[in-house]
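2 protein chains.
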Amino acid sequence: MPGDQSNRQIGLLVPWDPDGAGPAHQRLAAALRHQVNNGRLRPGDRLPPTRILAEELGLSRWVITEAYDQLKAEGYLTGRVGSGTVVAGVRETGTVRTASGSSSARRATPGPGTGELPPGLSGTVDLSPALPDLASFPRTAWRAALTRALATASDVDLGYPDPAGAPALRTTMAAYLRRVRGLDTDPERVHVTQGVRNAVALVSRALRSRGARRVAVEDPSWPRMRDISRAAGLDVVPVPVDRDGIRVDRLPGLDVDAVFVTPTHQFPTGVPLSASRRVALIEWATARDGIVVEDDYDAEFRYDRRPVGALATRARDRVVYLGSTSKTLSPALHLGWMIAPARLDDALAAARDGIGTLAPTLDQLALAALISTGAYDRHLRRLRGLYRHRRTALLTALSASVPGSAYASMDAGVHVLWQLPDDTDETAVLTEAGERGLSLLGLTQCRVGPGPPGLVLGYGNLPEHRAPGVAEALADAVRAAGGR
Amino acid sequence: MPGDQSNRQIGLLVPWDPDGAGPAHQRLAAALRHQVNNGRLRPGDRLPPTRILAEELGLSRWVITEAYDQLKAEGYLTGRVGSGTVVAGVRETGTVRTASGSSSARRATPGPGTGELPPGLSGTVDLSPALPDLASFPRTAWRAALTRALATASDVDLGYPDPAGAPALRTTMAAYLRRVRGLDTDPERVHVTQGVRNAVALVSRALRSRGARRVAVEDPSWPRMRDISRAAGLDVVPVPVDRDGIRVDRLPGLDVDAVFVTPTHQFPTGVPLSASRRVALIEWATARDGIVVEDDYDAEFRYDRRPVGALATRARDRVVYLGSTSKTLSPALHLGWMIAPARLDDALAAARDGIGTLAPTLDQLALAALISTGAYDRHLRRLRGLYRHRRTALLTALSASVPGSAYASMDAGVHVLWQLPDDTDETAVLTEAGERGLSLLGLTQCRVGPGPPGLVLGYGNLPEHRAPGVAEALADAVRAAGGR
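Sequence order for the protein chains is U and A. Remember, my numbering sits 19 above the position in the first sequence when you count from 1. Remember, my numbering sits 19 above the position in the second sequence when you count from 1.
It cannot be assumed that every hint is accurate.
[To be verified] From the structure, some residues in chain A lie toward chain U, with a derived Cβ separation under 8 Å:
{"#": "1", "residue": "ASP36"}
{"#": "2", "residue": "ALA154"}
{"#": "3", "residue": "TRP161"}
{"#": "4", "residue": "PRO180"}
{"#": "5", "residue": "ALA250"}
{"#": "6", "residue": "ILE301"}
{"#": "7", "residue": "SER349"}
{"#": "8", "residue": "ARG371"}
{"#": "9", "residue": "ASP372"}
{"#": "10", "residue": "THR376"}
{"#": "11", "residue": "LEU377"}
{"#": "12", "residue": "LEU381"}
{"#": "13", "residue": "ILE390"}
Note that these hints are calculated values from the structure, not bench results. If you're wondering where the values come from, they're calculated on a predicted model, not measured in any experiment. Idealized CB from N, CA, C, for every residue including glycine.
Please put together the full structure from these sequences, using the hints given.
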């Protein structure tokens, strides 16, 4: 265990040119990254507090915080508010010391067979597709937003809340969704939820109370959502997904009252719903007097071009739109939103009354503050850059470890579907992967009917320098499963 | 509108003797109260920030904060974090200027008939029985607790949470409930909820999934609870309440699988469940293999002696125990707890999965911090003193305005049941009270079967100096309803 380095003068370690070209925080991050890669900063070394380093280098504290955050996001540093920032990897023998990290990491992969654990895999790696980068949670900005919420909340705000949500957040969300998703809506149409699962519970109960019996779901899709609709008393009817999204042409024959879809980026296949099917879906809903529930679960993360507009923009009286902070901030916040047609208001209110839950008011006001101050946009911009690099790193590493791998290719989201050869035993692969410290979701777990095997790989928590090791471990798990 | 007084030197206004007798914060509160009562400080006057006044007077900032908080609790001052402290009553013509407030308020009541609004009733007065004093929400302590939660939460804590709650809070709650309610329980038995309504939704669904069809409720009782059980598919069977609490002897004939009770302080009648009925209730549950759900909704507030232990202490395998912060901190937090027998764990987990909700992890960690630092106990001690005085003020004022009034007399909680003469038209009284700016709950709204009329008066938000005005308005409403 290296000694505590907190008293070392950082000025001796970081060559800093105040007149260098480019943004100061990027240059500082590069300098620190270099010190880690050349071994001057070692796993366990403690970095100076941002205030101290800012004074040492004559920089603003913001510059230091940004640089630290960037390196935390890349997996070079670790730490949290109040307990200091430390060079990562002290428990990961052979990982940080050897990986060169950043954009060159995916080429500088140490080969397997060294007799040690695969690089980057000394602990469990969470490839859960629903998890954002937890180390990137904007603790400072969220604390500031909570402080602002506490300072501006009236006493009445601390009483029994409006069950549909705090007016301040509903107003902020309506404007936000108009700006980023093209949704022309009013604050009264916005319902605050505890996230998409809670919203599915509410809308399922509301539909059931209005006489709905059967709802269609995409096959494959997120399995928990189907369970939640069933718990509300609905029969769940699977509809196949192909490369253009859900087979809308199947709906008229199914006698369903509603359909749950992920049109922006189908979960888990990753395809967007085609333009012609979007039109057909709304036509079906209109003819049937049905409801389309649009789960816009990762719309914030599209890396190739501006995201397509939400389906809800086309037919506000037919579509219930769902979003949350679970993939942008943290699923622990349990905070989301729903836009619903006015005729569902009473049924939704009754459903809410029946389960007695709501996001706490102060959290709602904090999210409104986070958005209105621009901190939420800044956070998302940072995450987009981070995820794009992580995605590239994972796909590059997978191609290197398993030549000819096939995966859904839309440049979006925080997961990729890795298609396995048809004769692969997916369950055996999951078991082998688990034994190699990989926690992930199999495509079969997302399916209702039969279909080819695959793995749903979330890269939200996968720093670039760990991608080669993970790809190697995955390849190894597939090989081992084949031998069973 | 008076001008902004923030630049006035407070040293000129507050005669302060550094060698005076008694606690400094009480003496400072008395001095400021005097300045309001003699008109030197007027409604709308802005008080100096605590830091400034502390410097002026050579006192610790804590002393200033305590004094301000005390006067806010009494209704003399108003204000919130970040926007300063102001003398209350700027919109309440004739209220603060004339009421002498504090302990003398209930004797120094200006009489009615002055041609103005009744004293203290220029706006709506919320006598909702379920509301704590919102101005007493410990904003500073809660912000500190949130900051601590953000600083100590691990990245994993920000991922998908344990649906039963954060281990830190479950451990803290088990120790807290052992200490203050005599409940010998383990952290694994503690389920975090979003409050009592959410807990009733969960336990109702859990009971239903285990085959329960019929549940008994107290009559009268909190009406929303019955609705929530019905929404879960249960038939609700009312059981009368007398002066010893629920008529336990009726249970064996009712073919019910569970019973929901408020044994510490029956809502809304205010009586405790007698010792012999406690024994009989557990005997019934054991013989029937039934479940008793104990809503310990205001156990923190008992003013005459130490609170009686929870019913759950007697039969941990028969009783589901519910509590929350809705009456101690704020219902906007949506944060509570449930202690349940282990055999309900699976059914409760399934019920939670079906509705997709949980208190946010950071709020859970903040409550754990609030309790473990002692701040929660300090807050409750302060509230107990505040509520005891408010209770006395309201009852004294009611007796003065309506000689011979009858009310449930147990010295506890944040509400009192005011019994009306049998021939009173309760609905008309509520209408008349509403027209006089009083928002309150009628006893009939709490009943399933017929019974004598009454009003459930919450005094959590009723400063002492407003009690005479409220009592006068209530008396007036009853008289006006009689004339209909």
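* Asked: Which of the listed hints are not met by the structure?
  -> 1, 6, 8 and 13
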